[in-house]
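There are 2 protein chains.
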Amino acid sequence: MKSDISIHLPDWSAQLISGTDKTFPTRESRMSLAILLSRLNVENATGGPFGAAIFNMDTHELLSIGMNLVVSSDCSMAHAEMIAISCAQQLLGSFDLGATPCRYELVTSCEPCAMCFGAIPWSGIRHLACGARDADARAIGFDEGPKMADWKEALESRGITVETDICRQEAADVLQLYAKDRGTIYNGRHG
Amino acid sequence: MKSDISIHLPDWSAQLISGTDKTFPTRESRMSLAILLSRLNVENATGGPFGAAIFNMDTHELLSIGMNLVVSSDCSMAHAEMIAISCAQQLLGSFDLGATPCRYELVTSCEPCAMCFGAIPWSGIRHLACGARDADARAIGFDEGPKMADWKEALESRGITVETDICRQEAADVLQLYAKDRGTIYNGRHG
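Those sequence lines, one after another, are chains A and B.
If you read the first sequence in my numbering, its first letter stands for residue 1, the second for the next number, and so on.
If you read the second sequence in my numbering, its first letter stands for residue 1001, the second for the next number, and so on.
Please keep in mind that the hints were generated in silico from the structure rather than gathered at the bench.
By construction, the Cβ of each residue, glycine as well, lies at the ideal position given by its N, Cα and C atoms.
Warning: the hint list may mix true and false statements.
[As the list claims (entries may be wrong)] Below, a sample of chain A positions facing chain B; criterion: calculated Cβ distance under 8 Å:
1. S13
2. Q176
3. A179
4. K180
[Claimed, not checked] Simulated restraints, written as ranges between beta carbons of each label pair:
5. B:T1059 with A:S6: 40 to 48 Å
6. B:G1159 with A:T164: 26 to 34 Å
7. A:A45 with B:M1001: 33 to 41 Å
8. A:A99 with B:W1012: 26 to 34 Å
9. B:T1023 with A:T20: 49 to 57 Å
10. A:D165 with B:T1023: 46 to 54 Å
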């Protein structure tokens, strides 16, 4: 019987972050990091075309990064947003980023799927910033799951603000790159 | 920067499983294991009052177990269902249980929250069996998140059958035990 779950971020991501400034003052610079993570994940063949990062909303300092690791970690919940959230929480030693002294935002290269949408209220993040639309992911064959049509309003009603279409084209270009390279479309079975 | 995520199941769970028969022929016996995991998680103070397990649908053999480890693992996504799914996938070396030669079911002591609901289509499980209702979890203060009203139909339309109210009272009793002991209600911040 398995008694632990382990997910390791790829070596290239640690190298990338160690060489960069940790402060990202504009929303475009924060999104560009999430998109760069999605692109490098494809170019290094370590996972699907999705990247995410968590930033302190006041200092704009980077707290954690994530990228899709579903295939490499044998784990369907290893979406970029889930990785960034879990790394941030385990780094700070708190299951609730909203209970820490700082406010945090999740920046993701693509709007969340049904699972990541459901995970966001539990994470304690205060703001969600999205690049590509879920329609852009569906356009290359990814299934976004059974997500309510008014998902943005559902988050807003819980005090989590939502911004969309930040560098959308740049983010969608990575999805197209992945489709062109015939990357694995890794969703589960359907009916 | 954190570059790995680790979640360890409590020692009592490995001891429990090593001492039990691995075949659970009836749906009640399978649910009783999920409920036992939820109860032992409370009694051992290792997490919230939720347990889950994955079984081979043809042989009824146990594949993996899970219990709520949100607080102990500093990870808001460490719900019982997510733990059971991730352990099963990493054990079999596949991010999609539906792509393996066998069919698997997820048995959970309580109906899934919004996140776990969204995770189920990606997991590759073919059947979901639930004990307590989400209303029973809400009754003791847990928030089930922004979950669509027709969540069962949404799973069924994806070929995942759903059974509810299996040993509901026995499962709800553990929720009440947790509330009586003033266990942590560990949801994230609200608006």
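Problem - Supplied distance hint 33 to 41 Å, evaluated on CB atoms of A45 (chain A) and M1001 (chain B) - result: violated, 22 Å
Exercise for the section: So, K180 (chain A) near chain B? Judge it on the closest CB pair being under 8 Å. Expected result: Since the shortest Cβ distance to chain B is 23 Å, the answer is violated.
Problem - When the least beta-carbon distance from A179 (chain A) to chain B is tested against 8 Å, hint result - result: violated, 19 Å
Problem - Supplied distance hint 26 to 34 Å, evaluated on CB atoms of A99 (chain A) and W1012 (chain B) - result: holds, 27 Å
Practice task
Take a look at whether the Cβ-Cβ distance between D165 (chain A) and T1023 (chain B) falls inside 46 to 54 Å.
Solution key: Hint holds: Cβ distance 52 Å, inside 46 to 54 Å.
Handout entry: S13 (chain A) as an interface hint toward chain B, with CB separation required under 8 Å
Key = holds, 7 Å
Problem - Interface hint outcome for Q176 (chain A) [beta carbon to chain B under 8 Å] - result: Q176 (chain A) check fails; min Cβ-Cβ to chain B is 23 Å, beyond 8 Å.
Practice task
Take the C-beta atom of T1023 (chain B) and the C-beta atom of T20 (chain A), compute their distance, and say whether it sits inside 49 to 57 Å.
Solution key: holds, 53 Å
Exercise for the section: Look at the Cβ atoms of T1059 (chain B) and S6 (chain A) and judge whether their distance stays inside 40 to 48 Å. Expected result: The hinted range 40 to 48 Å is violated for T1059 (chain B) and S6 (chain A), with Cβ atoms some 28 Å apart.
Exercise for the section: Determine whether the Cβ-Cβ distance between G1159 (chain B) and T164 (chain A) falls within the hinted range of 26 to 34 Å. Expected result: holds, 31 Å
Of the numbered hints given earlier, the model fails hints 2, 3, 4, 5 and 7; all others are met.
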